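Using the sequences provided together with the hints, build the complete structure.
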Amino acid sequence: MAGRWVRVPLAAATAVAMAVTGTALTSSAAPDAAGEDGGNPGGAGATDLGRQVLGANDGWGAANGGTTGGTGASAEHVYVVDTWDELRAALGGAGARTDTTPRIVYVDGRIDAFAGTSCEAIAATVPVAGSDVPFSMDDYVAAYDPATYGWVDPAGPLEDARVVAAAEQATRTLQHVGSNVTIVGLGADAQVVGASLRIRDARNVIVRNVTFSDARDCFPAWDPGDGDAGNWNSAYDNVSVWTSENVWVDHSTFDDGEHPPSSLPTVFGRPYEIHDGLLDITHGSDHVTVSYNHFSDHDKTAILGSSDSRTQDAGKHKVTYHHNRWTDVGQRAPRVRFGDVHVYNELYEQSREGIFQYYWGAGVDSSIYAENNAFELAPGVDPARIIGRYKGERLFETGSTVNGEPVDLLAAYNASVGEADRLADEARWTPTLHGSIDPTWAVPAIVRSSAGAGRLGPVDAPAYDPTATYGAGDVVVHDGAVFRAQWYARGTIPGSAWGPWEELATDERGAPVWTPTRVFRAGDAVVHDGAVWVAQWWSRGQEPGAGSWGPFRAVG
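Residues -29 to -1, 1 to 527 (mature numbering (1 follows the signal peptide of the UniProt record, and there is no 0)) are what the sequence shown spells out, left to right.
No lab work stands behind these hints, which were simulated from the structure alone. These figures come from a predicted structure and were not determined experimentally. Do not take every clue at face value.
[Claimed, not checked] Below are the SDA-like pairs computed for lysine to any residue, each with C-alpha atoms no more than 20 Å apart in a straight line:
1) 362 - 320
2) 362 - 311
3) 362 - 255
4) 362 - 395
5) 362 - 399
[Unchecked claim] Computed beta-carbon distance windows for the label pairs:
6) 87 - 230: 38 to 48 Å
7) 126 - 230: 27 to 37 Å
8) 130 - 237: 19 to 29 Å
9) 410 - 121: 49 to 59 Å
10) 286 - 56: 37 to 47 Å
11) 434 - 511: 56 to 66 Å
12) 172 - 130: 26 to 36 Å
13) 283 - 412: 36 to 46 Å
14) 116 - 230: 20 to 30 Å
15) 412 - 502: 20 to 30 Å
16) 419 - 234: 21 to 31 Å
17) 172 - 237: 35 to 45 Å
18) 324 - 376: 17 to 27 Å
Note that CB positions come from ideal geometry on N, CA and C, so glycine has one too.
Here is the structure:
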């Protein structure tokens, strides 16, 4: 279909229209005053997403003074960027780690950290000592094949060159994020590809409404001593949080882009892994809320804590995960070391068994409190595999369902292992910082309709195309109005006196408004009396909030 219609914050729209991309906005284009709450899904009120803050009770990120990001940014520190160089500059460049200036950075469209370069181009800049040819991973693989080199750590000119090449890549594709920063995507197509953003030594950071894809390592290291058969290890997470506090990651999407696990070859009998985590929180980070995100098609997904030996992390790594969607991930969803971690209203889904190992990893000195989470496992997958023990001692879970049926996951796990590997049915604290905890049966519909990038703010729909074929439920924009097809449609213009198109009333943000004649399906989000509601099942004529019981649940 041709064309696309997107509403963006007034300030950002002004900036793009005036071609100020990548530079600070003028005062006339500055966003509205700071908002009071983050609102899920869809934000609260008409406040610009860049000025919204984490709600007062929204998880661990609300403790320790709360998380406001760059909401206090002055007009000269509000940026709209659409290239990797512009994004790096807006974040403070090489000095970002120590820069505490409040700033808001809007990501406009697709940003590719590998634009103008490649793994091969980076390798070509690195000479190999004693050789007339530049470094290449093909030569590295040939040199350190255990069948001929043996099961010992790589050493010598090629390993030295790999280290140099890896350092060169870091200068090009790794960017730090400092304190008092908000990064937010414009519309539904904001994407950062090939880059690794590292929130390090920072406080008060918000990341929302961006798709982060394929933070690939051009030069992974072979470690023959990692496990029983060796492993390829990579350096980059899509987003990582190091030694930081008060961070909110919300309504974003994380994946491997064009290099999912199924596309990777096997080298030395092991997967040639070019990714590390999607969102790792380590090195004593604390007071983090991770909400309404979508993690998909990745192996080592989200770890808390980098090492069992970092005993200085005890008492930290306090993180809340809620209303996130985990699709076809292999492990670490999350795996926890040291932290008190609240995991609620999460959706875990498998289209295939694939690379799945476990979801919740109970690591050393960890305390996971899990409630009302929904699992949709592939045929033949034992629910006992949902939990994995990695020197942990305890895990509390309640309200879990597997394929729609209640299951005591901890009992299933404990029954599948010997006494030495069993976990105590407890947590060392009871969570108090959280919003309404939804019933487990409602979690799949709520999370599927709300989690991930592109789900915040106003309607983002394609323009009507008279040559296109539409099915029931398809949403389009025509003459500035939003319409949904009630049945098959082709060539019938939206707004005609009679036909398949139903006009969807919208508020000043472009969000759909409840009307008594409109049909709502499970997962539909609407606005009524200033609040955002999600339909939990089919409804028509039943007013949101009209009674103590009904099809609509308030979410913002």
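Structure versus earlier hints, numbers of those that do not hold, lowest first
1, 6, 11
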